[in-house]
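Enquirer: From first to last, the protein sequence lines stand for chains A, B, C and D.
In terms of my numbering, the first sequence is residues 1 to 406.
In terms of my numbering, the second sequence is residues 1001 to 1406.
In terms of my numbering, the third sequence is residues 2001 to 2154.
In terms of my numbering, the fourth sequence is residues 3001 to 3154.
Because the hints were derived from the structure by calculation, they are not lab data.
Errors might be hidden in some of the hints.
Using 30 Å as the maximum straight-line C-alpha spacing, the simulated DSS-like pairs for lysine-lysine come out as follows [as the list claims (entries may be wrong)]:
#: 1; chain 1: A; residue 1: 259; chain 2: B; residue 2: 1182
#: 2; chain 1: C; residue 1: 2113; chain 2: B; residue 2: 1400
#: 3; chain 1: A; residue 1: 138; chain 2: B; residue 2: 1259
#: 4; chain 1: C; residue 1: 2106; chain 2: C; residue 2: 2123
#: 5; chain 1: A; residue 1: 135; chain 2: B; residue 2: 1135
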Amino acid sequence: MNIDDIKKEFPIFDNKIHNNDLVYLDSANSSQKPKIVLDRIYDFYSKEFSNVGRSVHYLAVAATNLYENTRVSVQKYINAQDKNEIVFTKGATEAINLIANTFGQKYLDEGDEVLITELEHHSNYVPWHFLRKSKNIKIEFAEINDDGEITLEAIKTKITDKTKIICITHLSNVTGAILPIKEIVNLAHSKGIPVLVDGCQGAPHLKLDMQDLGCDFYAISGHKMYGPTGIGVLYAKKKWLEDLPPYQGGGGMIREVKKKGISYGDLPNKYEAGTMATAQVIAFNESIKFMETIGIENIEKHEKELLDYAIDVLGKNNSINIVGNPKNKGGVISFTIEGIHPHDIATILDEDGVAIRAGHHCCQILHDKLGLPATARASFGVYNTKEDIDQLNASLNNCKKIFNLK
Amino acid sequence: MNIDDIKKEFPIFDNKIHNNDLVYLDSANSSQKPKIVLDRIYDFYSKEFSNVGRSVHYLAVAATNLYENTRVSVQKYINAQDKNEIVFTKGATEAINLIANTFGQKYLDEGDEVLITELEHHSNYVPWHFLRKSKNIKIEFAEINDDGEITLEAIKTKITDKTKIICITHLSNVTGAILPIKEIVNLAHSKGIPVLVDGCQGAPHLKLDMQDLGCDFYAISGHKMYGPTGIGVLYAKKKWLEDLPPYQGGGGMIREVKKKGISYGDLPNKYEAGTMATAQVIAFNESIKFMETIGIENIEKHEKELLDYAIDVLGKNNSINIVGNPKNKGGVISFTIEGIHPHDIATILDEDGVAIRAGHHCCQILHDKLGLPATARASFGVYNTKEDIDQLNASLNNCKKIFNLK
Amino acid sequence: MNLKELYQEIILDHGKNPRNLRKTDNYNKDAKGHNPLCGDNVHVFLKLDENKKVDDISFEGSGCAISMASASIMTDLVRGKEEAEVKEIVTDFLDMIKEKDDLNSKLLNDDEKTKLMCLSGVKQYPMRVKCATLSWHTLTSAIDNSQEVINTES
Amino acid sequence: MNLKELYQEIILDHGKNPRNLRKTDNYNKDAKGHNPLCGDNVHVFLKLDENKKVDDISFEGSGCAISMASASIMTDLVRGKEEAEVKEIVTDFLDMIKEKDDLNSKLLNDDEKTKLMCLSGVKQYPMRVKCATLSWHTLTSAIDNSQEVINTES
Ligand SMILES: Cc1ncc(COP(=O)(O)O)c(C=O)c1O
Ligand SMILES: Cc1ncc(COP(=O)(O)O)c(C=O)c1O
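Could you put together the complete structure from these sequences and hints?
Expert: Take a look at the structure:
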């Protein structure tokens, strides 16, 4: 795989940032988009646009087919059993809210416990917090170890008779820790507890196989997978989608509507109320194809090489402290420099065209635990190169110079 | 205003449908998109893409500014008092669900009444129906008159001491009736009842002035306003957005997150959880500009001319029955032909490149009331011409020929 | 595509004057079908005798020419057949509409096959396939005594 | 843009060794400020004497060089000023950061103005303006005794 060629497929890299080449190290936040995705959006709107599933005219038929094609592509990509286990949402956040709301309505009562981890993104905590308020449930936090990992043991310790659902990230967007999902699912299922996986960082970087993972719910954001903004995927086992109540109400999700009552449509319509993000869903098919063409194994390998290289280079830079040291780690490095606040680092790096993120990365619980108000974070995509890491390191040295550090 | 020139701005019309020119009469379902909107999406992704509001690097700053610019454009376009009264959603359906959920949580209790109308789209009924189930509230329906209108009187009759909110469409997507919103709002407010307006069909076709209308909530779908799919707007008076609880939980909508509790961010962040439909919001600015450049008055005038012409032409075609006869009517004509089912009409018209919609148009309550299982519907956009109407009429005559009708 | 093939005279005739559009007295099996896209409804009533033979079959509902004609032709064809035979015919018809070029069942005579093949025009109209198959799915559901409403959307 | 202008020596110095980073004993006014984007927090403590003069001012919190330096310089400047004077200085500073070229208040001497102008480098970094203004907004809130947490995101 020639990474230089891959980079060329992303038009964004033709631009200069403050007269420098763009070194984009913020893919955990959102990835850049290859040209085929942009072309697909353009072509769809200019040649095939219509609303989906509602009219019988030519354009509507074409659009509906394209829309459903993506569902099948996603199903295959993540190895779901049934295409109707794929629900399109506006993002992973909505996917998690959907489950928190509907599962919460039906299965959570006063005193019940939702088990999450200290690594969770706010998107996998706040929706459960709502239930704490409305239903008086409890939220328990599985604790990280010194390496910034969540072990099977850490989950086990927190499971009680009251635990009704376990909600965990696949890959931490701060420490990069990859969680032992399969083992956690086995443990949970042995106690009859369903598992929701926040796959925001898993989906772009790891091979996905729902049959192998065995989880009940898996949430994905398209924009982190080289896809458009405004599109996400909720994978849920069919039995759950059939069992849980609908989330939003509107056109398309109903069967019959009478003044006295309403019956809901079959899967997946039941969960896709209103006009969906048609163009985004259709273009997302190209993102999947893009990843398939390279091969997720090759993406994983490339990102692992980058990660090893970056840990080596930054590790030798004596002012830099890398946050966490998980044995099983994805392409995310959060770090601090003693004496320079992450925000100042990000501003100085930006001047060189190096885009990183600074802050708590929507993980305040974790940052509290680490005793760090903020960290700087470099995260990788398939288009990154070792030169990007070298430039990152050079720019970090420039930070130190400006701040008069050795 | 030269409509031929405007049509040229829409790339879709360069395509042939079954070797015919496209006569697109399904804009009430979703409108086509002008080139500037498509270009904006392409340019944004290829030159400026980044996630909004979370990083301090150059691209993130640029994207955040562009995103917020749309908020200001929408504010001005609908004459809202404050830009923070504009909340971006994935569509009108989500906007209505947001209010039904949050208003329902806080203000609706057993026995309370929500007053809607027989004209409402499922999107403005099903979300309220959820509360019927969870909170045991009642839903009352203001009744249409013989012309397919909702009068002030029809609303007045149904208001009781228990009425807690009135939810009405601005413009019916079936009869085209334009409701006397201002008068209804005045009446409602005199009794302390807030009003939600489903503006899906109002926003693309009517001049909007929130200060003049006075309503509390107004829901808009971008894809019906020459904008991208996956983007909608909830306008809500500031006092409500400050007062109501948040809807979805996730990144971006919080202030502080602790294990014990969470505080929420200021407006409008409180209602924009997770990564938003950034590209769509940014491109939607071009849709607003497109409409502003033509001038909503000119759009209204043009569509009124088309409507008058169509009523005249179809009215003379003796097999055609137009549904409803509202004095104040927008560019929507639903009709039936005795002896031909609307679905058959739509299929036959499609062969000529004429795209209309057949079915209940997500208004089963209305169709039940009218005793019609389905209707055919032609609806207009700014790109339609009198020739389109002539073609529609000619194709309808072809239907009659195929079905051996006179 | 060819509208003439879709709207053949026989379809228009059955569509306008559907046979068996009524409710069988003393029916012993029934099922409802629904197409949410167009709001079409069909309710199929079956009276099987002690040998599981179709003594009477009828339907109620409203819909487009295709769906009415399909239900009309279907009800005409299966009267007098045994339950197992009905199922074979249904499968044969659905296979034809979905993918096969022809009808294969030996239970149908040439005349009956010709009638049914008139519905094959919908193959060129994917959105209309559901109209042609709704009553057939509903018939299966009636025979199987399954309580769910048949929904062609899925 | 010019990083040198943003990170002048005086900013780096105040950033690294902030003055008044402590908690005033017997403070009679205080307020908290928060920047959700970066997680920065500041808590400003004020002790006004009977003439509404700032007897002591201090702050707690953590943040980037800009926000620490800004709080540090601010607390140095307003000590000894009267409440109304403090408000004038705050307004003057915020105006300068937002749009004006210079500081205008006669309450500040040249030396003080020079110090404050060191913060004007953020004008070229829109995302960092909030860092420079957080403590100032929080000071206003403390004086006004408003209970809300100041949030620079809005
Ligand atoms: C009157 C009306 N309300 C609500 C909607 C739903 O809008 P959306 O599907 O874009 O959420 C529509 C469009 O289908 C409509 O015409
Ligand atoms: C681990 C994790 N979970 C959830 C999210 C939220 O995803 P989105 O903002 O796309 O809904 C993100 C991304 O910000 C993430 O990294």
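Enquirer: All hints, please: hold or fail.
Expert: Against the structure, the hints:
1. A:259 to B:1182: holds, 26 Å
2. C:2113 to B:1400: Between residue 2113 of chain C and residue 1400 of chain B the Cα gap is close to 28 Å, so the pair holds against 30 Å.
3. A:138 to B:1259: At roughly 11 Å apart (the allowed maximum being 30 Å), residue 1259 of chain B and residue 138 of chain A satisfy the hint.
4. C:2106 to C:2123: Judged against 30 Å, a Cα distance of about 23 Å means the pair holds.
5. A:135 to B:1135: Satisfied, since the Cα-Cα distance of roughly 14 Å is no more than 30 Å.
Of the numbered hints given earlier, the model fails none.
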